[in-house]
Amino acid sequence: MSEEFDLLVIGAGSGGIASARRAAEYGAKVAVCEFTRLGGTCVNVGCVPKKVMWNTAALAEHIEDSKDYGFKTGDVSFDWKIIKDKRDAYVKRLNGIYGNNLEKSGITLFRGKAVFKDTNTLQVGDQTVKAKRILIATGGQPSFPDLPGIEHCISSDGFFELESLPARSVIVGAGYIAVELAGILNALGSKTSLMIRHENFLRTFDKDLQECLMVETEAAGVNVMKSRNTKEIIKKEDGTLVVNTKEGDSVEADCVLFAIGRKPNTDINLEAANVELTDRGFIKVDEYQNTSQENIYALGDVCGKALLTPVAIAAGRKLAARLFKGMKDAHLNYDLIPTVVFSHPTLGTIGLTEDEAKEKYGEQYIKTYTSKFTPMFHSITERKPKTFMKLVCLIPEDERVVGLHCMGLGCDEMVQGFGVAMKMGATKTDFDSCVAIHPTSSEEFVTMR
190 MSEEFDLLVI GAGSGGIASA RRAAEYGAKV AVCEFTRLGG TCVNVGCVPK
240 KVMWNTAALA EHIEDSKDYG FKTGDVSFDW KIIKDKRDAY VKRLNGIYGN
290 NLEKSGITLF RGKAVFKDTN TLQVGDQTVK AKRILIATGG QPSFPDLPGI
340 EHCISSDGFF ELESLPARSV IVGAGYIAVE LAGILNALGS KTSLMIRHEN
390 FLRTFDKDLQ ECLMVETEAA GVNVMKSRNT KEIIKKEDGT LVVNTKEGDS
440 VEADCVLFAI GRKPNTDINL EAANVELTDR GFIKVDEYQN TSQENIYALG
490 DVCGKALLTP VAIAAGRKLA ARLFKGMKDA HLNYDLIPTV VFSHPTLGTI
540 GLTEDEAKEK YGEQYIKTYT SKFTPMFHSI TERKPKTFMK LVCLIPEDER
590 VVGLHCMGLG CDEMVQGFGV AMKMGATKTD FDSCVAIHPT SSEEFVTMR
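The C-terminal residue of the sequence shown carries number 638 in the working numbering, and the numbering is unbroken.
Calculated directly from the structure, the hints in this document are not laboratory data. Keep in mind that the hints are not guaranteed to be accurate.
To be verified - Restricting the straight-line Cα-Cα distance to at most 16 Å, the calculated cross-link-like pairs of lysine to aspartate or glutamate (EDC-like) are:
| hint | residue 1 | residue 2 |
| --- | --- | --- |
| 1 | Lys293 | Glu193 |
| 2 | Lys494 | Asp524 |
| 3 | Lys240 | Glu214 |
| 4 | Lys218 | Glu193 |
| 5 | Lys517 | Glu476 |
| 6 | Lys556 | Asp524 |
| 7 | Lys549 | Glu586 |
| 8 | Lys617 | Asp587 |
| 9 | Lys256 | Glu571 |
| 10 | Lys218 | Asp307 |
| 11 | Lys573 | Glu586 |
To be verified - The calculated label-pair distances, taken between Cβ atoms and stated as ranges, are:
| hint | residue 1 | residue 2 | range |
| --- | --- | --- | --- |
| 12 | Ser560 | Asn458 | 50 to 58 Å |
| 13 | Asn458 | Glu352 | 47 to 55 Å |
| 14 | Asp254 | Gln330 | 34 to 42 Å |
| 15 | Gln553 | Glu632 | 29 to 37 Å |
Please read these numbers as outputs of a predicted model, since none were measured by experiment. Beta carbons are placed, not taken as given, at the ideal position from N, Cα and C, and that holds for glycine.
My request is simple: use the sequences and hints to build the entire structure.
In structure tokens, the structure reads:
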């Protein structure tokens, strides 16, 4: 006899688990289905292990800078296996913590691949599970192009399976994953090429950020191959991989990684659930995470909007409040979402780019403030990565700050607080009225003229 739940969540990633636990907190009878490791992309092959590797790369840079602070480090070596083992053990602990939290919340965990039988029923392995409401939080997976020799390449998932640091790496892609992994590999000593189809990467970010980070990436030693399209990958007898481009040049590598985008995990028999997809193959939802079927909802990467872990978590908690706490209008506002790219140096961004602001409000109504400087830490080092900061303000609304963008040491840790201010409608005058913290880079945001 099948058991019926108030809410059944497909996918135990960050968004799915956040939704499930909050619904259980509100008194709902909840179950979660998952066929792989708990925690989803973020915990296992995304944000968490990536940040560990970014920390590792940042340490390599600090070791290089330490001589300028009077330290004699001598011969320094790096053992990839040590950090890989410690990173994997940390991820495994997190998997266990997620499992314990589900148990503490009284949530039933079904192990297996879930597929729809009808709008209220899922088949999970050999079990049939029924629910009044079903939430799809299945996430996504890396995309691969259809190219000769693609079987010799890895994705961002495969990066975390590498047993050693490749001597030579080629990263294909221009999004934040490609930029981050190229920066990590380069800083740790791999001879790194980043192959992009246009003249700039991170093309959805503010143009000033694109250009500033390009300068720093190339100065750090990454070979950015611009306006290049991959034609094929050839594996030589000695194991060397050769990436040939349609433009006629080639580059050799020991590791070729494609980070060209992600596709949604929608192979769960959505036809049986009457759930519609967008033209791009993502699940179609409204601002309340409703799908085309009234009792079925979706959030996170499978919906194709703002593919960020905290976004999925926030949307899931809002949905749980709406369904089980009586907060009928609860939904996530997707405006002014702070975002960080763990590049070298890091980027932070909130709100509209300058071009987006001009398109939305009119060029005559937008005023920008910018500043570019060498941060104090690097004032005495041979390396001189710059810091760049920018405010995009709406003149008719007392110069309300509608866009904030920065690149540089510490930007990843400073934008969260400014995000709160912008959600509250902060203006340039509000920024100026805040006394600066000196000496810091962040003080530049409240002293720009």
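Do the hints match the structure? See the list:
Our distance criterion of 16 Å between C-alpha atoms is broken by Lys293 and Glu193, whose separation comes to about 20 Å. About 12 Å separates the Cα atoms of Lys494 and Asp524, which keeps this hinted pair within 16 Å; it holds. For the suggested pair Lys240 and Glu214, the alpha carbons sit about 30 Å apart, so the restraint of at most 16 Å is broken. A C-alpha spacing of about 9 Å is found between Lys218 and Glu193, which places the hinted pair at or below 16 Å, so the restraint holds.
Pair hint Lys517 plus Glu476 holds up; C-alpha atoms about 13 Å apart against a cutoff of 16 Å. A distance of roughly 20 Å separates the Cα atoms of Lys556 and Asp524; the hinted pair therefore is violated under the 16 Å criterion. Of the supplied pair hints, the one linking Lys549 and Glu586 holds, its CA atoms being roughly 14 Å apart against a limit of 16 Å. About 8 Å separates the Cα atoms of Lys617 and Asp587, which keeps this hinted pair within 16 Å; it holds.
Proposed proximity of Lys256 and Glu571 is supported: the alpha carbons are some 9 Å apart, at most 16 Å. With a CA separation close to 20 Å, the supplied pair Lys218 and Asp307 exceeds the 16 Å bound. In summary, the hint linking Lys573 to Glu586 is not supported, as the alpha carbons are separated by about 38 Å, beyond the 16 Å threshold. Between Ser560 and Asn458 the CB atoms are about 54 Å apart, so this pair conforms to the stated range of 50 to 58 Å.
In this structure the supplied range 47 to 55 Å is violated for Asn458 paired with Glu352, their Cβ-Cβ distance being about 37 Å. Range check, Asp254 to Gln330: about 38 Å between beta-carbon atoms, so the 34 to 42 Å window is met. Judged by the Cβ atoms, the range 29 to 37 Å given for Gln553 and Glu632 holds: they are separated by roughly 30 Å.
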